[in-house]
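S.K.: Listed here are the chains, written in short residue letters.
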Amino acid sequence: MTAIPSYLYYIEARWRKVFEANDYGKIDRIIWYDQEGVIVTGNGRRVRALRYADGLEVWQLAATSGTNSNEETISKSCQVIKNRFDPGTIHILNDDLLWSVSSYGEMLWSIELPTKPTLKSLFLFSTSQYVIVTSLDSNSNKLQVTYYSKQNGAQAFSSSIPWSFNAKDSQSKCSTMNNIILCANNAELSMITIPTTIDDTNINTRQIQFSNPIEQIRVLYESNTRSIVSIKTDNAETKVYQFNKKDSTNEWSYHELNIQIKSNAFYSVVSDKNSGGQQILEGSASQQKLNFYLSTISEQTLTNTRSYSIELPENMGDIEYLSYSNVKHTQFVTLRMQDASLLVIKLADNGAELILHRDEALSSIISVEAFDLSLSSGQMRIEDEFGGTEMFSMFVRRISSQISQLTSFVMRLMNMFTNAHANREYMDKQAALVRDEFNLNKILIVVTSVGKVFGILTQSGGILWKHYFTDFAPFEHFNTLQVPLFHIRSAAHYTHPPLASIVYRDRNSLYETHVRTFNPYTGDFEESLSTSSLPHRIKRVFLSTQIVNDFCKVLLFVDANNKIHTYPTVPLSRALSTTTPTYIYLFDKAEQAFIGYYLTINENEQESSTGLKEVWRVAFQNEQVINIYTRLSSDRVHSAGIVLGDRSVLYKYTNPNLIAVVTEGIDYQKVPFVSIYLLDTVTGSLKLSHTHKRVKSPVHVVLAENWIVYTYYNQRYRRYEAVSSSLFEGEAQYNYSSFSSFDPIEPVIQSKAYILPYGVNAIQVTTTEKGITSRDIIMAVPNGMLIEIPWMLFDPRRPFDLTSMDREEGLIMYTPDIMVNFESVINYYKQVYNIRGIHTVSTGLESTSVVFAYGLDMFFTRVFPSRLFDQLKDDFDFMFIGWSTVAFVVGSFIAKRYAAIHQTKKAWK
Amino acid sequence: MSSQYSTTNTSTRPTPSRRKWFIDFQVRRNDRLPVTTNENNTTALANMNSTKLLVSPLGFSEQRLSDLLTHEDDEHLLARRSWDIALQPIKQLPMNVVLAWMAGNSFSLMSIMIVVMLFMKPIQAIFSLSSAFSSLQQEGLVGNIWLHKIMYFLGNLTHLALALYKCQSMGLLPTYNSDWIAFADQQTQMEMSFGGVTYF
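Residue numbers (UniProt numbering), protein chains in the order written: chain A, 1 to 909; chain B, 1 to 200.
Keep in mind the hints are simulated off the structure, nothing from the lab. Don't take each hint at face value.
Chain A residues, not near chain B, derived (Cβ > 12 Å throughout) [to be verified]:
#1 S164
#2 N186
#3 I198
#4 L302
#5 E476
#6 I755
#7 G759
Sample of chain B residues facing chain A (criterion: CB under 8 Å; computed from the structure) [said to hold, decoys possible]:
#8 Q88
#9 D185
#10 T188
#11 M190
#12 G196
Per the computed footprint, the stretches of chain A lying under chain B, defined by three or more beta-carbons under 8 Å from a beta-carbon of chain B, are [to be verified]:
#13 636–647
#14 734–744
Yeah, the Cβ is synthetic: ideal placement off N, Cα and C, and Gly gets one too.
If we strip away everything but chain B, and leave its shape as in the complex, we get (with noise of 0.2 Å):
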């Protein structure tokens, strides 16, 4: 049994889990400590051994359904959690479109702290992009989440662009003429002239 575990516990080492550790308190012949693994070839030994042992019991079904289910579920899970954290800015838009057509386009301190807070809370979910989604692998989801990464990054870009849009239509970017004329150069003077009246 001792050795069972301990093979167990080995064989799951390697790879992330989603359970640290679990104690099972149905001791059934550990028949069912392999469905933790992954590994099929452990499985079937187990399964062979089991088998050899003990007669199953009444209402016992050979077909492992509970296992297939777990780890579907699982996929499932990470699917559906990746899914929420990614369109998770784009959930916010509206109301972060509500909240920026409430602060009006006057200029007073609480539109400009929203204008700031909508420039702000983008870029920082941008930078903290992987620690968005550590989550998952704290709950032991594991899977390939480039495209959720792409979909949050640009759900994000979606918000950077109301920022703009905002500071647009308060007149904050500079894209008038008007904007630059500060720094027009003095135009040259092609030509000199010089005269008067005549003194007699």
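Okay, chain A solo, but in the shape it has when bound (with noise of 0.2 Å):
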């Protein structure tokens, strides 16, 4: 224990701005000023100023550009520059604009630069006089370069020299250093000076070479007359550099620093206003520990070198970014690890001190899975108690759980007097992991896109545990990330706790699979179930429907050759229902086909792997798929139809195999649309198919019991809009007992289509026990609210003029416009924004569904659908009951005894 705290820091989030969660609120740099902070977003296309002290936004501009008004065509490279001999002016360079800015928030100028398919602009670079842009010419494949006039933007003149890289590898293996361009080729790294001056055309080119290929270039410090460049080379060897200016000329000498850590490290160089020198921070991680060099760098070499060393309170990885301030004599490390945790670490002369850690990981949720919390020991013994078979053995069970009780509750009386304070907090984190009598609390286990896994407590929202798997990568799912989440064994054998597994892909090669299984209460791994590779590169993977030894279900996995394995090695007639028959269907993205697959399963053979018969194929030409919804696996469907107001049947056509596909394309006409897709993955028949004209993604689908809901952007009337469609069977059931998928059903489909009076991020359903309770839709709308609308107004079999009947029935008259009043909003006041996906988790009342929100903010809540009908309200009376109850019988045996005397008055009359 090194650091001692002089004095505690205590950090909190001052202020906070979302931007917009499109390109537009993309940030492409921020340049530090003393009271505000100039920040530009959506590749080169808005800048903002935002004030440190209150996170008022100064001033806001917006590039104005006619010919690029189109979204489409944002441009996806953005070279943002301030002026190094004026620090007012900011010059910002996209594809085909570029613009200054004065830090008061004044645009100075704005010029298009000719857009040419061959030609595109790579570097930025700026003079006292001149903006200089320089711009890749792929016909003549030279560079052009080009001066336009720092204040007011005319084009000075242009020239243009050879150039051997094409734009890609100009773009990602040369960075810019004052008037120089940096080129990594191979082992040899170019340095290109770009002359300032039009009197000066001399165009300078010198070469270091290297001794292993060069893996990237980072300029840690430019100033006009010294820069410094850190060259990584392949072998995770790292020189540092040292330029300086020549008097006088435009030549740069430079020189190799003699560096502490020569592989794995970080570098973050700040001027010394004290000394007028540069000090130079080294920065590496090794397991938990952080090292640090921090040093002078003299004309030569590195001097005055002090090292220190910090514990991490937990395993996070390589560093990712370093930056090193000295602010009043205090110096600062601020750090972004690879779990995506933002670290800052005082240095002092006593040591290194750990002064902020915030897990950032948890804004990019992308898997959620919610497990019910263990009985208590309580419980246990009661489950314990009933489960002998003989009448002995029972009343022996009865008495020993009986003592058992009585001792535990002695104990506990015990350690409440003997040490009340010194464990208080492990009794009550104990506590928490306990099930509540509604079974209304989870666990949450949050797999994030970087590769930490959470386990957070609902009730507190506090982190119980978190691990970071350092060679994680996620799947891809139709542009976004998916990590498969399993609950491998669930909480309802209380004999053995529950497990749950992750599958990923290594982060250095995509074909390895790890499996990891773990216990959600604490994190602690299950190594007999994890595996740190399959042997099978693999296309899908899901859960068994059978449980197989100790309660566990397994992970099939379909390899790259449509072979069926499992893990751990059970033979697949365990793992599956061998009475029925089991369809797989899988997409191929290549070919934009849904491909199903009868997977045989023979009861006697003892495999493990099976290879799959392809039953139908669908195939989407002219459309492209852009995502598919499945149900949730919790929903239930309590009822199977609708009593309509003549009291007859509407059955419900509650086909489990059905999955919603979204599709997009542009029609022979131009015309862009949008098509969803009910597909039955077992037949692999269309049952539903919708196509909207002039309809933007994204589509997002709400697939449950025998309807779906889906919303989508309406570009020729500039709104959000949702379909709600429902499928019947009809008035008569084709099959009351069972459902096949091969019935000749043709199920009716009811649709209608409404407005919603705000944009969609995330939508989802809720979830209960039995499925008794109505449903509602939760929505996340951009402006941070989380909207619960009932499914009634949504509901396709609203009337368009309304009858005694349907108003028996309990329909609502069809109005366009779904009215959202504020008291639907769950959140309140607690916006919550860029939401990602909505998780929703029944619970022990069939009342009550729990809502989990995440994106950039997560939010938790309880919904009740159908209010609390089986529930007492918060505001119960208690007291009152009971004294009236008492107050009754009281009453009534004064009244008894006063009945008594006046029948006996009565008789003596």
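With the hints as a guide, dock the two chains, each given alone in a separate frame, to form the complex.
M.R.: Printed below as a string of structure tokens:
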């Protein structure tokens, strides 16, 4: 323990500003001024200044460009520089627009650059008089250097130099420093000096040779006379070079600095105001330890080196970003680690001290599962108590369990008296892990895209445990990231702890797949069910239907040769039901086709892998599948039909094998369209197909019971719309006892479209234990609200004119607008932004469903779609009921006595 | 005389009569006493005795008109009374129909009470079928009334039918599929399917 805190830092977020969720909110660069920061977002299209003190947006500018108003052609690259000779001016270059902004929020000038498909703007330089744009002409392989006046943006002149890289390489392998372009050409570093004045036309090119190919060039520090660059080669060796400008000429001299850490290190350089020199901080992570070397850069060497090291509370992987700052003689290091943690470390004479640690990974959740908490020991004993079969053993069990209950009670009392304060926290933690009466509290297991897994308690939002998988890489699922997360063993088996499994790819080799199984309460690994690498490349993974060993389910993998494997290896006949035929569907991205397979399971065979037989194929032409949606696995259908006003039944078409397929395309009239299909994954037949023209994704879909609700953006009317469709079998049911996809049922489809008052970020339906409670749609909207809308408002059977029969049924008359009243905002003023997903879980109470929304923020609450019909209200007056009962009992006794007296008197008369 | 009385009393005792007892103030040599009895041999004997003893007064007719008349009157009365009772439920039916109609098909306290009453009354009446006809016995009317009892029973059944019809029109009878849908079991799945997007 080296660090002794001299005083405590209390760091909390003072303000927060959430930018747009789309491309316009993506930060390109932040330029830090004294009072405010200028933030360039949206690929150089928007510039705004935020004041540090209160987060106020002082000014905002948007690039006005007539040709590029269409959002789809937003350029991918953007260069932002602060003019070195005039720090109050910022030059911004994106593909076809060059503009200058002053730090007071004034747009100085903006010019459109010539757009040609062969011409690509690459680098931006600034001098005291000119703004220099270099662009690559891929026809002639020349780099065009164009000079624009700094005052008004007028083009002064241009020249061109030969260039050997293509556009992509130039962007990835080159970086700029002052007026030099540094390019890595295999094991050679080229330095191309761009002349800064009109008189000077001499383009200077020099090379530095390295023994190994160069991987990365980072400019650590640049001023008008000095620059420091770190160069990392592919044998993980890093060299730091210092460049000095020779006086009066345009020449730069360079030399290597003798650094402490040769490999795997990050560097940050600041200029020391006192001495006028620079300080370099080297940082490296090894396991749970961070090492820092802070040195002063003298002319050639590093002097005055001090070393610091700090033990981290958990494994956070390598350093991803490091920045060193020296504020009023206090030295701070800010780090972003590989697990997306934000660390602020204070370096002092007596050692390094961690003063801030934030798990920023929680804003990148990609998979969520909720686990029930374990039974309390008392509840377990009750389970035990009635476990026996023989009379004598039952008696013995009962007596012993009751004795143990008594002893544990006495022990607890003793514990309470003897060390009440000592392990209070531990006791609280233990108590929080025990299931409550109605199973309302859960443990959420969240997997983030960086590979950090958290166990979160829902009643407090506290993080119970976290673990960072260093070799983690998620799978891709239609341009989003996905990690399969499974309940291997549920909490129902109280003798065995529950288990969860995640399946992910290796960060370095995408062919390797890892399976990790852990206890969701503690995060402890179950080594016997974890493997570092499966022997086959997997196409898809899913969970078995049958419990195999120790109440555990097994994972089923489809490999590249369409063979099914199980992990851990068990015969397939034990993992899957042999009586119900099993079908497997896979979507092939290259073919844009769904392929259905039949899985033959031979009951006698003991093999653990089986081939698949193709039975159907649905291919999409001229449209691209953008997403597929399935029902929630917890979806329950309680009622087989809807009771109509005349008391007949409209039977629901509840096909459990349906999936919703969303496709996007452009038709022959160049009109964009979005199509929704309901595909039966057993037979490959389409049960519903809707096409919407002039409609844009994102399409959000909820598929549950016999209905589907989806939202999209209507380009023609510029509004968000929702379409709701229900599938019915009709007045009679084909087969009341069983459902087969092969039954010749043509579902009757009813649909209605509605106008939504807000855009949609995510959408989900509530889940309850038995499915008796009516459904609500939970919608996350861009302005930070979570809205709970009854499905009844989306009901496709809402009539245009209400008859008495409809009224009998409880239908509401159709109005195209879905009215949202503010009472249905379930997060009140706790706004949550950029929500990407909503997870709903049923509880022990039929009326209650719990909702977990995640994205940039997280939000958890309970909802009651049909109000609290199985629970007393919070304000229920137990005292009043109790006292009035007592009063009535007492009153009746008194009345009885008086009545007896009265009777006697009457008899004497 | 006393013997006569005693004989009449003894003779009348075994069979239930209309009157438990009576005192005849018109003492006419017991000539009319046997009227109360139903036994012909004793009447014949008494007649023989009376004719021997006394000469009939003026205007006295040998025809026993009154005697026959009383007997027929009783049977007629029995029939009338028992039919009255037997047809009573049917007579009440129109009133109940009106009552049921007045109650309406909506659910309210009144209509529910009326429906309950519609059910309770005929069921009670059926269970107290014998007591309904017991008043006839009390009045001393005896006869074969099983047909009337059946009629009474059927009449009450019409009341029950009315009650059922009322329930039906109020929608209280589980006669539709919709009434049984909550008890339907979940459909078993004949096929299983898994899958999704391939990861590569």
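S.K.: Holds or violated: the region 636–647 of chain A covered by chain B, criterion of 3 or more residues with Cβ-Cβ distance under 8 Å?
M.R.: With 7 residues closer than 8 Å to chain B, the region 636–647 of chain A meets the three-residue bar; holds.
S.K.: Can we trust that S164/A is non-interface, i.e. its beta-carbon lies farther than 12 Å from all of chain B?
M.R.: holds, 34 Å
S.K.: Hint D185/B vs chain A: min CB-CB distance below 8 Å?
M.R.: With Cβ-Cβ at 7 Å, under 8 Å, it holds.
S.K.: How does the region 734–744 of chain A fare against chain B when you require at least three residues with a CB closer than 8 Å, holds or violated?
M.R.: holds (count 8)
S.K.: Would the hint on T188/B stand, with a C-beta cut-off of 8 Å toward chain A?
M.R.: Where the cut-off is 8 Å and the nearest Cβ of chain A is about 4 Å from T188/B, the hint holds.
S.K.: Would you check whether the claim that G759/A is not at the interface survives, using Cβ distances to chain B and the 12 Å cut-off?
M.R.: Fine: 26 Å to the nearest Cβ keeps G759/A off the interface.
S.K.: At 12 Å, judged by beta carbons, does L302/A keep clear of chain B as stated?
M.R.: At roughly 47 Å from the nearest Cβ of chain B, L302/A sits farther out than 12 Å, so the non-interface label holds.
S.K.: Less than 8 Å between beta-carbons is the criterion; does G196/B satisfy it with respect to chain A?
M.R.: Holds: closest Cβ of chain A sits about 6 Å from G196/B, inside 8 Å.
S.K.: Holds or violated: is the Cβ of N186/A farther than 12 Å from all Cβ atoms of chain B?
M.R.: holds, 30 Å
S.K.: Hey, is I198/A genuinely clear of chain B, shortest beta carbon separation above 12 Å?
M.R.: Holds, because the least Cβ-Cβ distance between I198/A and chain B comes to about 54 Å, which exceeds 12 Å.
S.K.: Once the closest CB in chain B is found, is it more than 12 Å from E476/A?
M.R.: violated, 7 Å
S.K.: When the nearest CB of chain A is found for M190/B, is that gap smaller than 8 Å?
M.R.: It holds, given that the least Cβ distance between M190/B and chain A is near 4 Å, below 8 Å.
When held up to the earlier numbered hints, the structure conflicts with 5, 8 and fits the remainder.
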